[in-house]
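Going down the list, the protein sequences come from chains A and B. Numbers 216 to 329, taken from the working numbering, label the letters of the first sequence in order. Numbers 5 to 116, taken from the working numbering, label the letters of the second sequence in order.
Note that these hints are calculated values from the structure, not bench results. The reader is advised that the hints may include incorrect statements.
[Unchecked claim] DSSO-like cross-link-like pairs, simulated, lysine-lysine; straight-line CA separation at most 30 Å:
| id | chain 1 | residue 1 | chain 2 | residue 2 |
| --- | --- | --- | --- | --- |
| 1 | A | K216 | B | K18 |
| 2 | A | K316 | A | K257 |
| 3 | A | K283 | B | K75 |
| 4 | B | K87 | A | K257 |
| 5 | A | K216 | A | K316 |
| 6 | B | K18 | B | K61 |
| 7 | A | K316 | B | K74 |
| 8 | B | K61 | B | K75 |
| 9 | B | K18 | A | K283 |
| 10 | B | K13 | A | K216 |
[Stated by the list, open to error] Facing chain B, a subset of chain A residues (Cβ under 7 Å, in silico):
| id | residue |
| --- | --- |
| 11 | Y291 |
| 12 | A301 |
| 13 | G320 |
No residue lacks a Cβ here, since even glycine has one placed at the ideal position from N, Cα and C.
The chain contents come next:
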Amino acid sequence: KQEVTQIPAALSVPEGENLVLNCSFTDSAIYNLQWFRQDPGKGLTSLLLIQSSQREQTSGRLNASLDKSSGRSTLYIAASQPGDSATYLCAVILWSIGNEKLTFGTGTRLTIIP
Amino acid sequence: DGGITQSPKYLFRKEGQNVTLSCEQNLNHDAMYWYRQDPGQGLRLIYYSQIVNDFQKGDIAEGYSVSREKKESFPLTVTSAQKNPTAFYLCASRLGGAAEQYFGPGTRLTVT
Chain A
216 KQEVTQIPAA LSVPEGENLV LNCSFTDSAI YNLQWFRQDP GKGLTSLLLI QSSQREQTSG
276 RLNASLDKSS GRSTLYIAAS QPGDSATYLC AVILWSIGNE KLTFGTGTRL TIIP
Chain B
5 DGGITQSPKY LFRKEGQNVT LSCEQNLNHD AMYWYRQDPG QGLRLIYYSQ IVNDFQKGDI
65 AEGYSVSREK KESFPLTVTS AQKNPTAFYL CASRLGGAAE QYFGPGTRLT VT
């Protein structure tokens, strides 16, 4: 059974700092991995999708990496801003025609201190 | 504006009543999903549908039912058989295959 872990559960950093969020998974046979952010009481917003054949994806100040062999992904946020405060979740996806399985981590709650 | 809508945002029901949560998408996505989110837990998959008129149970389907009569719509019924229905319910959709998944704004259901 796939298990996804995000450590730490909460993180506070001063504005302007670079930071890394971690996601680890137990079954390396994933199809792809997706990072999301969730603001309190809201739905999830997709940040980045990494295909299993890729090593990383970048969008603006965000960079996500994937190492399937070690079962790890990281989300790097450069020059953090107060607006980055949210909960960040990763999800690993196992997929084949007619069958799919998404497993989510429990998230890291990020607070950027002005 | 393309996206996923869920209604209502807040829903209150008495124990023993069935309730249906709405999910509509105009993204022309083939696949749609329902998740449940509880404090301190990750999202858990209730049901998903990869094509119209077909759907599969997720990890926690007991006490829930769905239908997929139209590509745009995937309503979720929370039945009286669901032991702990109070939760935040999220609907999502995907174009197909293992493409990026998009989420709606969620419905918070409270059953007393």
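Here is what the structure says about each hint:
1. Restraint check: the Cα-Cα separation between K216/A and K18/B comes to about 36 Å, which exceeds 30 Å; the hinted pair is violated.
2. Using a Cα cut-off of 30 Å, the hinted pair K316/A and K257/A holds, with the two alpha carbons roughly 23 Å apart.
3. Taking the CA atoms of K283/A and K75/B, the gap is about 34 Å. The hint is violated against a cut of 30 Å.
4. Taking the CA atoms of K87/B and K257/A, the gap is about 24 Å. The hint holds against a cut of 30 Å.
5. Of the pairs offered as hints, the one joining K216/A and K316/A holds, with about 11 Å between alpha carbons and a cut-off of 30 Å not exceeded.
6. Using a Cα cut-off of 30 Å, the hinted pair K18/B and K61/B holds, with the two alpha carbons roughly 26 Å apart.
7. With a CA separation close to 23 Å, the supplied pair K316/A and K74/B stays within the 30 Å bound.
8. Taken as a hint, the K61/B and K75/B pair is honoured in the structure, with Cα atoms around 18 Å apart against an allowance of 30 Å.
9. Note on K18/B and K283/A: the hinted pairing is violated, with a Cα-Cα distance of about 46 Å set against a maximum of 30 Å.
10. Taking the CA atoms of K13/B and K216/A, the gap is near 33 Å; set against the 30 Å cutoff, the hint is violated.
11. For Y291/A, the interface hint is violated, the least distance from its beta-carbon to any beta-carbon of chain B being 19 Å, above 7 Å.
12. With a least beta-carbon distance of about 14 Å to chain B, the hint placing A301/A at the interface is violated under the 7 Å criterion.
13. The interface hint given for G320/A is met, as the beta carbon of that residue sits about 6 Å from the closest beta carbon of chain B, less than 7 Å.
Going down the numbered hints, you'll see the structure goes against 1, 3, 9, 10, 11 and 12, while the others check out.
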